[in-house]
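Position chain B against the provided structure of chain A, taking the given hints into account.
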Amino acid sequence: MILHIAKKEMLEMRKDGRFQVASAIILTLLCVSLGIGWQQYLTVSRQHEQARAQTREQWLTQGKKNPHSAAHYGVYAFKPKSPLSLVDRGADQYTGVAVWLEAHKQNEFKYKPARDANTLSRFGDLTASGVLQLLIPLLIILMSFSAFAGEREQGTLRLLLSMGVPREKLATGKALGVAGGLGMLLGPSALIGSAALVLASDTGAFAANLPRLGWMTVSYLLYFTAFIGISLAVSALAKSARLALVCLLGFWIFNGLAAPRLFSDLSRTMHRTPSSFAFTQRMDEELKKGFDEAQFKEKVLAQYKVTKVDELPVNYSGLSLKAGEEHGNEVYDRLYGELWDTFEAQNRMQQQGGIVAPMMSIRSISMGLSGTDFAQFRDFSVAAEKYRRMFIEVMNEDITHAPKGDGSRMGDDALWAKVPAFEYNAPQTGTVLAQQAWSLGLLVAWAAGASLAAGWAATQRLKAE
Amino acid sequence: MIATIARQEWRLLKADRALAAVVALMALLVGYSLYNGSAWVAFQKQTLRAADREQGSRLTKLITNLRGIEDGRIQPKGSQDPRSAGSIGGTTAAPYLAMPPAPLATLAIGQSDLYPYYFKLNLRSKQAILANDEIENPTNLLAGRFDLAFVLVYLFPLVVLALGYNMISAEREQGTLALALSQPVTIRELVTGKIVLRGALLLALVVVFTLAGAMLTGVDFSLPTVWLRLGLWMALMTLYTGFWFGLAVIVNSFGTSSATNALTLAGAWLALVLVAPSVANLVATSAYPVPSRVEMVQAMRVAGKEAQSKGSTLLSRYMEDHPELVPEGEKPQADFASLTYAVQMEVDHKVQPILDRFDGQVSRQQEFVDHFRFLSPAILAQSAINDLAGTSLGRYQHFSRQVDRFFDSWKSYFLPKVFQRVKLSSSDVSGFPEYRYSEEADSDIVGRVAVALTGLAALTALSLGAGFWRLKKRALQVQ
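Here the protein sequences line up with chains A and B, keeping their order. Mapped onto my numbering, the consecutive letters of the first sequence carry residue numbers 12 to 476. Mapped onto my numbering, the consecutive letters of the second sequence carry residue numbers 4 to 482.
Bound-form chain A, shown alone (with noise of 0.2 Å):
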């Protein structure tokens, strides 16, 4: 029963010219914006590539120079682009892509793509997570308004009922239609999707993004199903098809274009995010004060028990540079950590957002499963500061430790090579999922509830006249 119901709905929707347009211009959409990301993948890769390897070059074939001297000249880390940012390039555009490493100082990430771009991105990319999360969904209620409310006005439902067409098979009957509809256009571009991040990613790296990929599907399935489940719920609880449609349709541009935009504004007045001035104007107090040299060669002049530096057996200014560091360090932690901890306050805000729009939740949830989103670009800023404060030390360490009275001591290729290269990989799927936890319950419960909505809708309140 449930299976003839769902066919015909499916052969309706085959035979609607409506739906086989809005179909072959979503499929085309989603196809086109996975090949665009599947390209943008590989060039931006290729050139990370490439700037990897030369930097460290720059690093190892420096030539002859003091320690600290190199320690200035640095090296640069670029932020990798994760395979699946194919499919949703999050804040990719909005966060800068290449950070100087060097002495004293942690730089932020200059060049976001987002200030090179023309004025037309600002109105959004054309990106597959676009495609899935703003038109699938109103291909859906475009499917499903009618599905009662339609069937009410051309007077087929009480002839449904009358023959004994038990509502919740109905209704059933109709979800499996709806999403069997979504399945034939959804089927292939899954397969596209696949084929393209074997094609991006070596083997290695494919079977690394797996389980994020799996995590990602479902997420978009919980995401379709609450769609379905709310047409459906509406279309049954709605006087005419008419209003079902208008109804759908403010839920979701509320879902869809007002939510993100509200829940930033809001996010940020709960959150505030300093000026760069004022952040900037804060830093350099905060290194300013706090390090007195002073006090600094007292107490190691007392460590080591003598009265002059020059008596010291190791060379003071490596430990001076190095206590410099450690002030420095202190100071960006607190204050790099404060600022990227408001905006994780933001992104959680925005997570919560979910509760009345589940856009907020499928966005969260896709951009940290393509490790596009703010925590693993945090991630990756801690990482490369990491390595810096470890090379920087590496240097430190080497002058400390030159023979005395060495004042033009030279660093060499055996210096440089004892810094390894920079590696980084992303986080794990599991932290991922912790993270979007919230967002992940939330999609849950709206498909749940949905889905109950709908069920409840048809068999306690769906009215034959």
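Mixed in with the good hints, there may be bad ones.
Unchecked claim - Distance condition first, Cα-Cα at most 25 Å in a straight line; then the derived BS3-like pairs of lysine-lysine:
id : chain 1 : residue 1 : chain 2 : residue 2
1  : A       : K333      : A       : K474
2  : A       : K121      : B       : K123
3  : A       : K310      : A       : K299
4  : A       : K299      : B       : K64
5  : A       : K75       : B       : K308
6  : A       : K300      : A       : K310
7  : A       : K300      : B       : K313
8  : A       : K116      : B       : K420
9  : A       : K76       : B       : K313
10 : B       : K129      : B       : K475
11 : A       : K19       : A       : K180
12 : B       : K475      : B       : K313
13 : A       : K415      : B       : K64
14 : A       : K121      : B       : K308
15 : A       : K180      : A       : K18
16 : B       : K308      : A       : K76
Hints were generated in silico from the structure; no laboratory data involved. This one's a predicted model, so the numbers in the text were calculated from it and none came from an experiment.
Same frame as chain A, now just chain B:
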């Protein structure tokens, strides 16, 4: 006759609860978005004031210091002489170059959250100055802002369509269309009456709410440019409203049911407002890909390394070219400051072609995109609103050109003094180059907006024209 229809329509609308809902909704949306816009403007102004204060106190301190040294009260100590041109031009007297928010900035946040609105000058590279950014959570930048432009470009068309999607179909469904057309009135007059009333109503709402909001958020109405901009902005909104009504007429002329009309119009809105811009963006970025910043960073580094390695050669060559800069009674020789700047100049020189290539590609892409504007009224409206609010790429480029020019004059004042190792005195401070932001000329803004307005007028004429043409051509089913 049209006036009679409009009066009748007004009576009908007044009795309908939908009107109250539309008024309330518009008030809410416009109010909230203007609040957001003014919060952003206030944030920028506050930051600029703080920067101004900091610059003032830094300068006062510098003058006190210089006077102290001149009086002999203070002995310059340490490696950095506070009188040296490098230290003064590079740090202690380095000004902030600001672009204050334009008078109507509260109307559209536009691109202003992406581009810097002030730079702190130094004597080193332009790149180091330009890379400065306002701090912002990338997730928020991704979402965009809920500003008036968002309400007007994205949501307002939906209100227009909600009022217009069943202009004819509802009359037919209620059976009143036949009745109305049995009177001495043509279908065109009927539709005109409906559009004129609804359009005038919506525009009045937009204008009243926006002016009220602008007054509340402290827009300075005494400036003539404000009135010019507001006038253009109203012309823009009239055309934009007309376009969407025209679309509603076209769809209504097919004689389909109200539900079908609603679906078709929603589809058209989606295609024009959401899909067309992102497809155009995709085509533009594929046709004119912007070269990678990562490659640029590397190229700059290579240039820097080369320049560094032959720093002293560079300096002596520079001194040979500029013998007037060699300090009197000395042989050309390297001190740290001169060396640094000589290297920097060489790096700038080397990097310039890379930067030019980069900027060239970005502006070629933008030019290409500018052609695409005419495909979608939403893009045209957004670009014009950004220009009127002064939050467009155009105004940022105007600002960044001024920064370039000032940076050059700042360098040409200080760098020769660095090489000559001149010690500056407190009386020199008043002679430093002074920066003042000069606003874009109204004619420039009008020029840019006029292009968008013309495009929009063409699209509106097209949609209204096609709609009314179809009304005549097709003998409309009245039942």
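Do the hints match the structure? See the list:
| no. | hint | verdict |
| --- | --- | --- |
| 1 | K333/A / K474/A | 78 Å, violated |
| 2 | K121/A / K123/B | 16 Å, holds |
| 3 | K310/A / K299/A | 19 Å, holds |
| 4 | K299/A / K64/B | 17 Å, holds |
| 5 | K75/A / K308/B | 13 Å, holds |
| 6 | K300/A / K310/A | 18 Å, holds |
| 7 | K300/A / K313/B | 37 Å, violated |
| 8 | K116/A / K420/B | 29 Å, violated |
| 9 | K76/A / K313/B | 14 Å, holds |
| 10 | K129/B / K475/B | 62 Å, violated |
| 11 | K19/A / K180/A | 13 Å, holds |
| 12 | K475/B / K313/B | 80 Å, violated |
| 13 | K415/A / K64/B | 41 Å, violated |
| 14 | K121/A / K308/B | 20 Å, holds |
| 15 | K180/A / K18/A | 13 Å, holds |
| 16 | K308/B / K76/A | 13 Å, holds |
Hints 1, 7, 8, 10, 12, 13 from the list above are not met by this structure, while the remaining hints are.
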